[in-house]
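Colleague: Take the sequences, apply the hints, and build the full model.
For reference, the chains in residue letters:
There are 2 protein chains.
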Amino acid sequence: MARQIIYDDPIFFDGYMKIREKEDNANDLFEIPALLTLLPDLSGKSLLDLGCGYGEHCKMFINNGAANVVGVDISEKMLEVAHRANSDPKITYLNIPIEDIDKLEEQFDVVVSSLAIHYVESFAEVVKKIYDKMNTGGVFVFSQEHPIATAYSSGNRWTKDENGKKLYFNLSNYCVEGERELTWFVNGVKKYHRTFSTIVNTLVEVGFTIERMIEPFPDAEMLKKHPQYDDLLHKPDFLLVKAKKM
Amino acid sequence: MARQIIYDDPIFFDGYMKIREKEDNANDLFEIPALLTLLPDLSGKSLLDLGCGYGEHCKMFINNGAANVVGVDISEKMLEVAHRANSDPKITYLNIPIEDIDKLEEQFDVVVSSLAIHYVESFAEVVKKIYDKMNTGGVFVFSQEHPIATAYSSGNRWTKDENGKKLYFNLSNYCVEGERELTWFVNGVKKYHRTFSTIVNTLVEVGFTIERMIEPFPDAEMLKKHPQYDDLLHKPDFLLVKAKKM
Numbered sequence: 001m002a003r004q005i006i007y008d009d010p011i012f013f014d015g016y017m018k019i020r021e022k023e024d025n026a027n028d029l030f031e032i033p034a035l036l037t038l039l040p041d042l043s044g045k046s047l048l049d050l051g052c053g054y055g056e057h058c059k060m061f062i063n064n065g066a067a068n069v070v071g072v073d074i075s076e077k078m079l080e081v082a083h084r085a086n087s088d089p090k091i092t093y094l095n096i097p098i099e100d101i102d103k104l105e106e107q108f109d110v111v112v113s114s115l116a117i118h119y120v121e122s123f124a125e126v127v128k129k130i131y132d133k134m135n136t137g138g139v140f141v142f143s144q145e146h147p148i149a150t151a152y153s154s155g156n157r158w159t160k161d162e163n164g165k166k167l168y169f170n171l172s173n174y175c176v177e178g179e180r181e182l183t184w185f186v187n188g189v190k191k192y193h194r195t196f197s198t199i200v201n202t203l204v205e206v207g208f209t210i211e212r213m214i215e216p217f218p219d220a221e222m223l224k225k226h227p228q229y230d231d232l233l234h235k236p237d238f239l240l241v242k243a244k245k246m
Numbered sequence: 001m002a003r004q005i006i007y008d009d010p011i012f013f014d015g016y017m018k019i020r021e022k023e024d025n026a027n028d029l030f031e032i033p034a035l036l037t038l039l040p041d042l043s044g045k046s047l048l049d050l051g052c053g054y055g056e057h058c059k060m061f062i063n064n065g066a067a068n069v070v071g072v073d074i075s076e077k078m079l080e081v082a083h084r085a086n087s088d089p090k091i092t093y094l095n096i097p098i099e100d101i102d103k104l105e106e107q108f109d110v111v112v113s114s115l116a117i118h119y120v121e122s123f124a125e126v127v128k129k130i131y132d133k134m135n136t137g138g139v140f141v142f143s144q145e146h147p148i149a150t151a152y153s154s155g156n157r158w159t160k161d162e163n164g165k166k167l168y169f170n171l172s173n174y175c176v177e178g179e180r181e182l183t184w185f186v187n188g189v190k191k192y193h194r195t196f197s198t199i200v201n202t203l204v205e206v207g208f209t210i211e212r213m214i215e216p217f218p219d220a221e222m223l224k225k226h227p228q229y230d231d232l233l234h235k236p237d238f239l240l241v242k243a244k245k246m
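Residue numbers (the numbering used here), protein chains in the order written: chain A, 1 to 246; chain B, 1 to 246.
Treat the hints loosely; a few may be bogus.
Examples of chain A residues toward chain B, derived with CB under 8 Å [to be verified]:
id, residue
1, F123
2, T159
3, L167
4, F169
5, L171
6, C175
7, Y192
8, N201
9, I210
10, E211
11, I214
12, E215
13, M222
14, K235
It is worth saying that the hints were derived from the structure and are not from the lab. No residue lacks a Cβ here, since even glycine has one placed at the ideal position from N, Cα and C.
Modeller: If you want it as C-alpha cells, here you go:
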C-alpha cells in the first residue's frame with residue numbers, strides 16, 4: 001500500500017498553509033469547534049494525535065492540561081513547522097504514518113485525529129490499532145471529510161443557477177467505496193470514501209461504543225457573518241465522531 | 001401535532017398495495033432482507049412492531065418463534081387487511097399511532113419498525129418511549145428512508161443524461177431538518193427529515209447503544225437481475241439501525 005506524503009509536496013504545502021491562514025477557513029469555523037466539543041477533560045491525560053500536522057492541536061492539548069502528547073505525521077515538512085512553532089517538553093513528534101502506531105510502546109487515554117482519516121486506505125486495520133493503543137475508558141475523537149463529500153468521483157460537484165448560486169450537490173457513487181483521486185492544489189491527491197454505515201460498523205466491530213457524531217453546519221448568526229458557507233446547508237463538509245473504549 | 005393517516009386514503013392505499021405486489025419492489029429486494037439480518041433470535045421473545053401495516057412481519061415473527069407480537073398502526077384500513085390475512089392468536093393488532101405506545105402495559109424484548117419512523121415528527125420523544133417500553137438487553141431494529149433521500153425538498157431529484165440515465169442525485173438541504181411535504185400517489189404526504197448524526201445522537205442520548213447500521217445497495221449479481229436499481233449506487237433508499245438497551 002502506497003502511503004501518500006502529499007503534504008511534503010511544496011506546491012501542496014504552500015497551498016494548504018495559505019487556506020489555513022485565511023481567517024474564515026472552514027476548519028477554524030466548523031471543524032475545530034466541533035472537535036473541541038467532543039473532547040473530554042484532558043487534565044492529566046495521555047494523548048495521541050494522528051496526523052498532527054504542524055502541531056497546533058498538540059500544543060493546545062498541553063495548554064488544556066494534558067500530561068503528555070504524542071503527535072504523529074507522515075509529513076516531514078509539517079513536523080518541521082511543528083518543532084519550530086509548537087514544541088513543548090511534554091510533546092513528542094514522530095515522523096511515522098498513522099498505519100504504524102502499533103509500533104508505539106505507550107498506551108493512551110485519548111486519541112484525536114483531525115481531517116487525516118480519509119487519507120487512510122485500511123480504515124478497519126487502523127481502527128483496530130487505535131483501539132489496541134487505548135486504555136479502557138479512553139475516547140477516540142476524529143474528524144474526516146463528510147461521506148457525502150468523499151462520495152464524489154468525477155464531473156461537476158455542484159449544479160448552479162445562472163447567477164452561480166449553488167442549487168444542488170451532485171451526489172454520485174455514495175455506495176461505491178474506495179479510492180478517489182482528485183486535484184487539490186496538485187494532481188493525484190488520493191482520498192478514501194467510506195459510507196456512514198461502514199464508519200459506524202467498523203468502530204463498533206472492534207469494540208468501540210459510538211458516543212456522539214457531529215455534521216457541522218452554520219446557524220443563522222454564522223451565515224450572516226459568513227454567507228459564503230450557505231452551501232454547507234446542502235452538503236456538510238465534515239463528519240466528527242466520538243467513540244469510547246468501554 | 002397532526003398525525004397523518006395517509007394509508008387510509010383509498011388512492012394512496014391502492015397505489016401502495018400495487019407497488020408492494022410487484023415482485024421486484026425495493027422493499028422486498030433491499031429493505032426487508034437487511035431488516036432480517038439485524039434481528040436477533042426471536043425464540044420466546046415478546047415483540048412490538050411499530051407501523052405494522054398489513055401484518056406480514058408480525059406473522060413472520062410468530063413463524064420464527066416469537067412468543068407474542070403487538071402490532072400497532074395508525075391506519076384502520078391496513079389493520080383490516082392484517083386481521084384478514086395475517087391473524088394469529090399470538091398477535092394483537094392495535095389501531096393507535098406510534099406516538100401513543102407509552103399507553104401500552106407490556107414491556108418488550110424486541111421493537112421493530114419497518115419504514116414508518118420517517119412519518120414521525122417527534123423522533124426524540126418516540127425513541128424515549130420505545131426505550132422505556134423495552135426490557136434490558138432488548139434490541140430496537142428499524143428501517144427508514146435514507147437521510148440523503150429525505151433531505152430533498154423541491155425540484156428535480158435527479159440529473160439525467162440525454163438518454164435518461166441518472167447521473168447525479170440532486171442533494172439539497174441535507175442539514176435543514178424537519179417536515180417535507182411531497183406527492184406520493186396523493187398530494188400532501190408528510191415525512192420528516194433528520195440527519196444521520198441526529199438519528200445516532202438521539203438514540204445514544206436516551207441510552208441506546210448503536211450495534212449496526214445498513215445502507216443497502218445492490219451487488220453485481222443483483223444488478224444483473226435488476227439493472228433498474230443501479231441508481232442505488234449513487235443514493236441508497238434505506239437506512240437500517242440496530243440499537244441495544246444495555
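Colleague: Does each hint hold? Answer for all of them.
Modeller: Hint check results:
1. Checking F123 (chain A) against chain B by beta carbon gives a least distance of about 15 Å; that is not within 8 Å, so the hint is violated.
2. Hint on T159 (chain A) holds. Least Cβ distance to chain B is approximately 6 Å, under the 8 Å limit.
3. A least Cβ separation of about 7 Å between L167 (chain A) and chain B falls short of the 8 Å threshold, and the interface hint therefore holds.
4. Given the 8 Å rule on beta carbons, the hint for F169 (chain A) holds: about 4 Å separates it from the nearest Cβ of chain B.
5. Using the Cβ-Cβ criterion of 8 Å, the hint placing L171 (chain A) at the interface with chain B is satisfied: the shortest such distance is roughly 4 Å.
6. Evaluation of the C175 (chain A) hint against chain B yields a held restraint, the C-beta minimum of about 4 Å falling below 8 Å.
7. For Y192 (chain A), the suggested interface contact is broken, since its CB lies about 17 Å from the closest CB of chain B, more than 8 Å.
8. Taking 8 Å as the C-beta contact cut-off toward chain B, the hint placing N201 (chain A) at the interface holds, the least distance being around 6 Å.
9. Taken as an interface hint, I210 (chain A) checks out: its beta carbon lies about 5 Å from the nearest beta carbon of chain B, inside 8 Å.
10. Below 8 Å, beta-carbon pairs count as interface contacts, and E211 (chain A) has one with chain B at about 6 Å; its hint therefore holds.
11. Taken as an interface hint, I214 (chain A) checks out: its beta carbon lies about 6 Å from the nearest beta carbon of chain B, inside 8 Å.
12. Interface restraint check for E215 (chain A): the shortest CB-CB distance to chain B comes to about 5 Å, inside 8 Å, so the restraint holds.
13. Checking M222 (chain A) against chain B by beta carbon gives a least distance of about 12 Å; that is not within 8 Å, so the hint is violated.
14. Residue-level restraint check for K235 (chain A) holds (minimum Cβ-Cβ distance to chain B is 6 Å; threshold 8 Å).
In this structure, the hints that do not hold are numbers 1, 7 and 13, in rising order.
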